[in-house]
Amino acid sequence: MPLRARTIATAALLLLPAAPAPAAAAEPAPLCAGGHLRLRIDPGTGAVSGAGTLHGCAVPGRGGPTGATITIRGSAPVRTPLTLVTVTADTVEWDRGGATTFTNQRTIVGRHAVAMTGAGEAVAGAPRPRLIAESGTGHRAGDTPTTVDLTTTLLD
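Heads up: the sequence shown runs through residues -25 to -1, 1 to 131, numbered per mature numbering (1 follows the signal peptide of the UniProt record, and there is no 0).
I should point out that these hints are in silico values taken from the structure, not numbers from a laboratory. Possibly wrong hints are sitting among the right ones.
Unchecked claim - Between beta-carbon pairs, the in silico distance windows are:
1. Asp17 with Arg71: 25 to 35 Å
2. Gly72 with Val98: 13 to 23 Å
3. Thr55 with Thr126: 16 to 26 Å
4. Gly72 with His114: 15 to 25 Å
5. Gly31 with Pro56: 33 to 43 Å
6. Gly31 with Thr55: 34 to 44 Å
Ideal Cβ positions, reconstructed from N, Cα and C, are used throughout, including at glycine.
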């Protein structure tokens, strides 16, 4: 192919629209991004309990903004001087009716001031939201219960 023909062919290729990039995996959309929970872990028995509220939730099929209460029950099967790991069933009761239950695992690290992260997924009730994510800070001191204040987000 003569140089001029190659140059024209190359220029034509450069002018063709590029194929669209493959769609990235969608991030879960937050359905409830506001809420506050308090988690308590008994140092002797490892029993975990907690409660809190969510507000301003936009859950498909539940009408406009809604709220909920959360009840937490479970255990802390891992309890070391530095780390606690909890496994819980978290029941979200929607103020417009219905409930969703999540399994949730939280890891709490620290000897006195503690930091916590947690995540779980829906196992019963309404099909949405599907995921729960949490973070928080709290206190741990010897034989007194560990308490953690959590910020919770429900995701679809």
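Which of the listed hints are broken here?
-> 4
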